[in-house]
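Participant: Here's the letter readout for the chains.
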Amino acid sequence: NAGVTQTPKFRILKIGQSMTLQCAQDMNHNYMYWYRQDPGMGLKLIYYSVGAGITDKGEVPNGYNVSRSTTEDFPLRLELAAPSQTSVYFCASSLLSTGELFFGEGSRLTVL
Amino acid sequence: DAKTTQPPSMDCAEGRAANLPCNHSTISGNEYVYWYRQIHSQGPQYIIHGLKNNETNEMASLIITEDRKSSTLILPHATLRDTAVYYCIVPTGTASKLTFGTGTRLQVTL
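Chains as they are written, first to last, in this note's numbering: chain Y, 1 to 112; chain B, 1001 to 1110.
Bound-form chain B, shown alone (with noise of 0.2 Å):
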């Protein structure tokens, strides 16, 4: 998988957005950028995933630079049951291989 560098950890205040970046400096033009959260010590789940045009879904949005060398994972209005590991996955080849980082570690506070 092409490299990805996450900050090891982020705080919060709820109610406020979060904005997770992420390098994929090495990206390749037909790579996808993928987002995973793992609460607690639960299955990852997965949040969004892009090309080149920003996407939004129900849980959050994804902004990605016009060279995509980096993304940003935007969740509008963070609660509490955010509080998460938070992975940006950027599989070459098929997606049947993702690879999971040590990701960014998001702490929402009151």
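Isolated chain Y (complex conformation) (with noise of 0.2 Å):
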């Protein structure tokens, strides 16, 4: 049981450059979530997802996509990849609404 896993774990973007970050769960979990966590800051609700094929934006969805076509699977999307959106993302899962969540190791991404 691998619990939430995030891949990569480290990258670095080019201003206007696209990519997806990939998070997985085997946990048989309905809801998944995106957070973003800047330095010194607390973490801010990016998309999150209560099943496969619903997603609802967060706090700060511009400039990010997903999608939810199983229910272990919930890739965040960056296009046009900007400078202020170097942070360090998460992603979790929880069984119910209300409960623990369930959080991955983190992907520490970089915009120059």
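If you're looking for bench data, these hints aren't it; they were derived computationally from the structure. There could be a bad hint or two in this list.
Think about it this way: if two alpha-carbon atoms lie no more than 30 Å apart in a straight line, the pair counts; the simulated DSS-like pairs of lysine-lysine are [as the list claims (entries may be wrong)]: (1) Lys1052(B) <-> Lys1003(B); (2) Lys57(Y) <-> Lys9(Y); (3) Lys1069(B) <-> Lys1052(B); (4) Lys1069(B) <-> Lys1003(B); (5) Lys14(Y) <-> Lys57(Y); (6) Lys44(Y) <-> Lys57(Y); (7) Lys1052(B) <-> Lys44(Y); (8) Lys1069(B) <-> Lys44(Y); (9) Lys44(Y) <-> Lys1003(B); (10) Lys9(Y) <-> Lys44(Y); (11) Lys1003(B) <-> Lys57(Y); (12) Lys44(Y) <-> Lys14(Y).
Using the hints, put the two chains back together into the complex; each one sits in its own frame.
Facilitator: This is the structure:
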């Protein structure tokens, strides 16, 4: 049982490039989330999903897109990367809408 | 989410109890209090949550005041590995949209 797996762990992008951060969970959780954390700050919710085929915006969705075609996977797409998207990205999942969130180890993205 | 207020930092001697306070004066009757912690740059880790009764698990105890306007997370015997940022969260609506503030940075020292 691997829990929540994020790839890549580190990535450097040039301004204007695009990429996808991968997130997979093997706990059969319905709920999945993407957060970002800037240095010295708390986590901010980007997007979340309550099940396959259903996604919704969080606090800071601009510049990002998500899809949820399966229960296990919740990729985060960055289009036209900007320096403001330099951050650590965390994916999380939970079985229910209330209760414990399980987080991945994070993906550190730098946009130069 | 209902607003929470936590001290920015606290120190605790190893082996002593760490008591981390949180004010949530605008909490509604059906809103839970959640606690998470983040060790260094790792993903946050769930600790405990409660509604109005005190809760205890293998990691910590959660004491919620009778009026539910504040709570205290207690680590009974803090160790160096408990050094982390602790987040108190009171989500509104569904807990699927937890908002993490800046939390309390707990430093456990020898």
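Participant: Decide, hint by hint, whether the structure agrees.
Facilitator: We went through each hint and held it up to the structure:
1. Lys1052(B) <-> Lys1003(B): 17 Å, holds
2. Lys57(Y) <-> Lys9(Y): 24 Å, holds
3. Lys1069(B) <-> Lys1052(B): 10 Å, holds
4. Lys1069(B) <-> Lys1003(B): 11 Å, holds
5. Lys14(Y) <-> Lys57(Y): 25 Å, holds
6. Lys44(Y) <-> Lys57(Y): Since the Cα atoms of lysine 44(Y) and lysine 57(Y) sit roughly 11 Å apart, the hinted pair holds (cutoff 30 Å).
7. Lys1052(B) <-> Lys44(Y): Holds, at about 27 Å.
8. Lys1069(B) <-> Lys44(Y): 24 Å, holds
9. Lys44(Y) <-> Lys1003(B): 15 Å, holds
10. Lys9(Y) <-> Lys44(Y): Holds: lysine 9(Y) and lysine 44(Y) sit about 19 Å apart, inside 30 Å.
11. Lys1003(B) <-> Lys57(Y): Status holds; Cα separation ~21 Å.
12. Lys44(Y) <-> Lys14(Y): Answer holds: lysine 44(Y) to lysine 14(Y) is near 23 Å, not above 30 Å.
In summary, the structure agrees with every hint in the numbered list given earlier.
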